[in-house]
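**Q** Take a look at the letters that make up each chain.
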Amino acid sequence: MTVETNKKMTEQDVRSFSASKSEPEEFTELRVKALAAAEALPLPKPDKTKIINWNFTEFPVHATESSTYSSLEELPEEVKSVVDLDQKNLYIQHNNTPAYTALSEDLKEKGVILTDIFTAIREHSELVGKYFMTEAVKAEEHKLTALHAALLNGGVFLYVPKNVVIEDPIQVVFLHDDENASLFNHVLVVADTSSKVTYVENYFSTVPEAKGLANIVSEVFAQDNAQVTYGAVDVLAKGFTTYVNRRGVAARDAQIEWALGMMNDSDTISDNTTYLIGDNSVGDTKTVVVGRGSQKQNFTTQVIHWGKNSDGQILKHGVMKDSASSIFNGIGKIEHGATKANAEQESRVLMLSPGARGDANPILLIDEDDVTAGHAASVGRVDPLQLYYLMSRGITKQEAERLVIHGFLAPVVNVLPIEGVKKQLTEVIERKVR
Amino acid sequence: MSTLVIQDLHVEIEGKEILKGVNLTINTSEIHAIMGPNGTGKSTLASAIMGHPKYEVTSGSITLDGEDVLEMEVDERARAGLFLAMQYPSEISGVTNADFMRSAMNARREEGDEISLMKFIRELDSKMDILDMDQDMAQRYLNEGFSGGEKKRNEILQLMMIKPTIAVLDEIDSGLDIDALKVVSEGINQMKGENFGCLIITHYQRLLNYITPDHVHVMMQGRVVKSGGAELAHKLEAEGYDWIKAELGIEDETVGQEA
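Protein chains in written order, with our numbering: chain A, 1 to 434; chain B, 1001 to 1259.
Isolated chain A (complex conformation) (with noise of 0.2 angstroms):
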């Protein structure tokens, strides 16, 4: 079933794609709540870039019908390319539809949750309840956000309990190939008492053009002494909007790493904040980004702490190239109260052409004494004397050139703990640099 909104969505509409998720009442009325607000409220304002103009509201269809897969032999070539065949735990989402979930015996047996949101909200009612946009991600945050909730139409559901540690980790594979496809995914992750746990996730466009909407919240929760790995590949198509919104929560002792590989080729405005809430708590966040075309994209990073000796490292590299423009906002806040935080960034963006822009703004919020923060950024082209080095052991300026690009993306590239993705990742920096 296809349903066609080519007019704006009715709350008739919601109540009627919630009904068809047979959704809980009380979901249906956030959703209807969410609308409504949405109506009001107005857009987020990310920090030097102006999407007034920016399309977030019209898509040519809410929710598509896509085939489901009954093994993996039946994914597509390039989706197999990132999914290893003896991957135990994963979750494959087609366009809208959830296509395949696989959680090992073990895992299920201790606990661990793996699911499509839907299902979740379904039979996991208290525990999303619990966690879905109530502390990271509030739906009445702007009009991004209340959309958010109330066209919900996709996401997975992660939950670990408390002392279960999973070594393999955890994959999910959003893919799209629908160009009439929206995708407002919601991404939920709860790591209960000294769990640990790593999420890798790929949005992956197989069709060139898109002509709908990303609106992608994803909610992390690591509490007490629990440690999330985050990592996570965007390859989305050019003509998607994309809005983009990551955020954790860490509670005492808990560590939130994130690994973001932005390769998405739409206009993009990504939001990946960390709540340092709990003392002793860490946020590491590592993002780097392929800017091409006339790709216009927001990369604000925040790390905000409320905990005693709480540890917030932001790292951003960006390449920037043709007359693609970027804004990298890195902001580390540290609250009265979280003495002997620290709050460490450091945001790069290499130019590769002319009319390529890039614009690197940390700030550092501090309102505590008893503190220590740095933070380094730069905005350049390759250093000439790096490829006089590589070039001087006869390496051509072009692989010099991609040496030192790699080099620079590498960060991500080598903390993803999946082969497939990791070789993915790379090889598409290696394509949008070219």
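Worth double-checking, as some hints may not be accurate.
Computed beta-carbon distance windows for the label pairs [as the list claims (entries may be wrong)]:
{"#": "1", "chain 1": "B", "residue 1": "Pro1053", "chain 2": "A", "residue 2": "Tyr69", "range": "51 to 57 angstroms"}
{"#": "2", "chain 1": "B", "residue 1": "Gln1135", "chain 2": "A", "residue 2": "Leu365", "range": "41 to 47 angstroms"}
{"#": "3", "chain 1": "A", "residue 1": "Glu77", "chain 2": "B", "residue 2": "Ser1174", "range": "54 to 60 angstroms"}
{"#": "4", "chain 1": "A", "residue 1": "Pro76", "chain 2": "B", "residue 2": "Ile1115", "range": "32 to 38 angstroms"}
{"#": "5", "chain 1": "A", "residue 1": "Ser378", "chain 2": "B", "residue 2": "Gly1015", "range": "38 to 44 angstroms"}
{"#": "6", "chain 1": "A", "residue 1": "Ser378", "chain 2": "B", "residue 2": "Gln1135", "range": "30 to 36 angstroms"}
{"#": "7", "chain 1": "A", "residue 1": "Gln398", "chain 2": "B", "residue 2": "Asp1129", "range": "30 to 36 angstroms"}
{"#": "8", "chain 1": "B", "residue 1": "Arg1140", "chain 2": "A", "residue 2": "Tyr69", "range": "37 to 43 angstroms"}
{"#": "9", "chain 1": "A", "residue 1": "Pro76", "chain 2": "B", "residue 2": "Glu1194", "range": "55 to 61 angstroms"}
{"#": "10", "chain 1": "A", "residue 1": "Gly111", "chain 2": "B", "residue 2": "Met1118", "range": "41 to 47 angstroms"}
{"#": "11", "chain 1": "B", "residue 1": "Asp1065", "chain 2": "A", "residue 2": "Asp47", "range": "56 to 62 angstroms"}
When the alpha-carbon atoms are kept at most 25 angstroms apart in a straight line, the in silico SDA-like pairs for lysine to any residue are as follows [unchecked claim]:
{"#": "12", "chain 1": "A", "residue 1": "Lys423", "chain 2": "A", "residue 2": "Glu399"}
{"#": "13", "chain 1": "B", "residue 1": "Lys1226", "chain 2": "B", "residue 2": "Glu1114"}
{"#": "14", "chain 1": "B", "residue 1": "Lys1016", "chain 2": "A", "residue 2": "Pro384"}
{"#": "15", "chain 1": "A", "residue 1": "Lys423", "chain 2": "B", "residue 2": "Glu1114"}
{"#": "16", "chain 1": "B", "residue 1": "Lys1119", "chain 2": "A", "residue 2": "Pro384"}
In short, the hints are calculated from the structure, not lab data. Backbone N, C-alpha and C define an ideal beta-carbon position, used for all residues, glycine too.
Knowing the structure of chain A, use the given hints to seat chain B on it.
**A** Coordinates of chain B only, in the frame set by chain A:
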């Protein structure tokens, strides 16, 4: 046999002339040493041979077996057989030493004829052994966080892996303790042979205790002012440079420095 010929070379940096007519001929199987106090143009010569972007050759020529080196890009010079062990090698984050060296070796080979990974690793391991380098250096990022001594060893490691025809070693000995100096010298000595020529730039004679040069040249004021055999280095060690200055009537041996 290969020959590098430098004739009447004039080089400027930022509009200031540093080399004022250098003449030098280096054949394979020969070891040359250029000595001289600081600021006399030695490193400028090294950089000009390799094609450093900041150095501009204003007149004169450099040829390798008759081919015009100055017409070549830096990478072409390297593939033609030149090598420069740099005084201040760049640090390149995210690129492992091993990947870098394999790229350098493959740059000299045809596509489809790349060096096999096994063969490369065997060769790298054996050279690292000779240079007394930790195996983990191969997987570290190129020169990033390397100590001064580690960088020098890494330059010689590249020399041994790439096996150039003519190598220029720019102050490869500075900052090395005596043990490291011996190790580095051992590496260079292993390269000696009829297919390898070398120009060693140094201002200390002690390196030449371990590598015996066939020819020793002294640079002052941007020129080679005196040439001789190994005995010249010994005399410089014993007597310093003043006698040469007196002999040639030079008061200030430096060039292009602010007074």
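**Q** Each hint needs a verdict: does it hold in this structure or not?
**A** Hints and how they fare:
{"no.": "1", "hint": "B:Pro1053 / A:Tyr69: 51 to 57 angstroms", "verdict": "holds (54 angstroms)"}
{"no.": "2", "hint": "B:Gln1135 / A:Leu365: 41 to 47 angstroms", "verdict": "holds (45 angstroms)"}
{"no.": "3", "hint": "A:Glu77 / B:Ser1174: 54 to 60 angstroms", "verdict": "holds (55 angstroms)"}
{"no.": "4", "hint": "A:Pro76 / B:Ile1115: 32 to 38 angstroms", "verdict": "holds (36 angstroms)"}
{"no.": "5", "hint": "A:Ser378 / B:Gly1015: 38 to 44 angstroms", "verdict": "violated (28 angstroms)"}
{"no.": "6", "hint": "A:Ser378 / B:Gln1135: 30 to 36 angstroms", "verdict": "holds (33 angstroms)"}
{"no.": "7", "hint": "A:Gln398 / B:Asp1129: 30 to 36 angstroms", "verdict": "holds (34 angstroms)"}
{"no.": "8", "hint": "B:Arg1140 / A:Tyr69: 37 to 43 angstroms", "verdict": "holds (42 angstroms)"}
{"no.": "9", "hint": "A:Pro76 / B:Glu1194: 55 to 61 angstroms", "verdict": "holds (59 angstroms)"}
{"no.": "10", "hint": "A:Gly111 / B:Met1118: 41 to 47 angstroms", "verdict": "holds (46 angstroms)"}
{"no.": "11", "hint": "B:Asp1065 / A:Asp47: 56 to 62 angstroms", "verdict": "holds (59 angstroms)"}
{"no.": "12", "hint": "A:Lys423 / A:Glu399", "verdict": "holds (18 angstroms)"}
{"no.": "13", "hint": "B:Lys1226 / B:Glu1114", "verdict": "violated (45 angstroms)"}
{"no.": "14", "hint": "B:Lys1016 / A:Pro384", "verdict": "holds (21 angstroms)"}
{"no.": "15", "hint": "A:Lys423 / B:Glu1114", "verdict": "holds (21 angstroms)"}
{"no.": "16", "hint": "B:Lys1119 / A:Pro384", "verdict": "violated (32 angstroms)"}
Hints 5, 13, 16, counting from the list given before, are not met by this structure.
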